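Undergrad: Okay, here's what each chain looks like letter by letter:
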Amino acid sequence: AQSVTQLDSQVPVFEEAPVELRCNYSSSVSVYLFWYVQYPNQGLQLLLKYLSGSTLVKGINGFEAEFNKSQTSFHLRKPSVHISDTAEYFCAVSDQGSYIPTFGRGTSLIVHP
Amino acid sequence: DAGVIQSPRHEVTEMGQEVTLRCKPISGHNSLFWYRQTMMRGLELLIYFNNNVPIDDSGMPEDRFSAKMPNASFSTLKIQPSEPRDSAVYFCASSLTGRGNTIYFGEGSWLTVV
Numbered sequence: 001a002q003s004v005t006q007l008d009s010q011v012p013v014f015e016e017a018p019v020e021l022r023c024n025y026s027s028s029v030s031v032y033l034f035w036y037v038q039y040p041n042q043g044l045q046l047l048l049k050y051l052s053g054s055t056l057v058k059g060i061n062g063f064e065a066e067f068n069k070s071q072t073s074f075h076l077r078k079p080s081v082h083i084s085d086t087a088e089y090f091c092a093v094s095d096q097g098s099y100i101p102t103f104g105r106g107t108s109l110i111v112h113p
Numbered sequence: 114d115a116g117v118i119q120s121p122r123h124e125v126t127e128m129g130q131e132v133t134l135r136c137k138p139i140s141g142h143n144s145l146f147w148y149r150q151t152m153m154r155g156l157e158l159l160i161y162f163n164n165n166v167p168i169d170d171s172g173m174p175e176d177r178f179s180a181k182m183p184n185a186s187f188s189t190l191k192i193q194p195s196e197p198r199d200s201a202v203y204f205c206a207s208s209l210t211g212r213g214n215t216i217y218f219g220e221g222s223w224l225t226v227v
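For the record, the sequence lines run as chains A and B. The first sequence lines up with residues 1 to 113 when you count with the numbering used here. The second sequence lines up with residues 114 to 227 when you count with the numbering used here.
Because the hints were derived from the structure by calculation, they are not lab data. Just so it is clear, the structure is predicted and the values come from calculations on it, not from any experiment. Hints are supplied without guarantee of correctness; some may be wrong.
As the list claims (entries may be wrong) - Covered, in the sense of this in silico footprint (three residues per stretch, anywhere, with C-beta under 8 Å from a C-beta of chain B), are these stretches of chain A:
no., region
1, 14 to 24
2, 46 to 58
3, 102 to 108
Cβ coordinates follow ideal geometry from the N, Cα and C atoms, glycine included.
Isolated chain A (complex conformation) (with noise of 0.2 Å):
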């Protein structure tokens, strides 16, 4: 069975500073990851996935992340945040063997400016 933990459940941040959002994942085989964001009062949209290839994915509005197979982590970055990052974040994983994705808790990403 495959499980998601968020270390963090909210950061607070000063707007144009670097931020990392936290992830771990365990499962006993390979795995997709994916990284979801969901701005206030609206539903959960992509910000990225890691299928398969290079281990650090861009995605939309700055923001990557790195899958780290030893750590069993997919870490969030983004080296300047944005008023406008303010949102939930949601970390997900996927087994190759499954349809269906499984959700973190989701870290609340707070950026002060």
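Let chain A serve as the given structure and place chain B on it in line with the hints.
TA: Coordinates of chain B only, in the frame set by chain A:
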């Protein structure tokens, strides 16, 4: 292109009443998901349909909840009778069936049971 469409966006109902949430998936998508989001439990998968057939309903809380997908372009989630603890945001989502495919979410139905 139209995304996943959910209705109603907001519903306030009294305990004991029947609630029906509706969803129109993206045209051509053959996988459909119903999720529930609360502060306490986060995002929970309630049920997964593939080609209109329920494949995994292990997340449906109890017999008060039921979901149907009569055709490829429509699904309902029904709660009867509703209870205050059912208050949550209910999301419908769809995708093309396939491992690693992106799931597209609707904007959610905000349910309050008083």
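Undergrad: So, for every hint listed, does it hold in this structure?
TA: Here's how the hints hold up against the structure:
1. 14 to 24: The restraint on the region 14 to 24 of chain A is violated, since only 0 of its residues have a Cβ under 8 Å from chain B and three are required.
2. 46 to 58: It holds, with 3 qualifying residues against the three required.
3. 102 to 108: With 4 residues in contact (Cβ-Cβ under 8 Å with chain B), the coverage given for the region 102 to 108 of chain A holds.
In summary, the structure is inconsistent with hint 1 from the numbered list given earlier, while agreeing with all the others.
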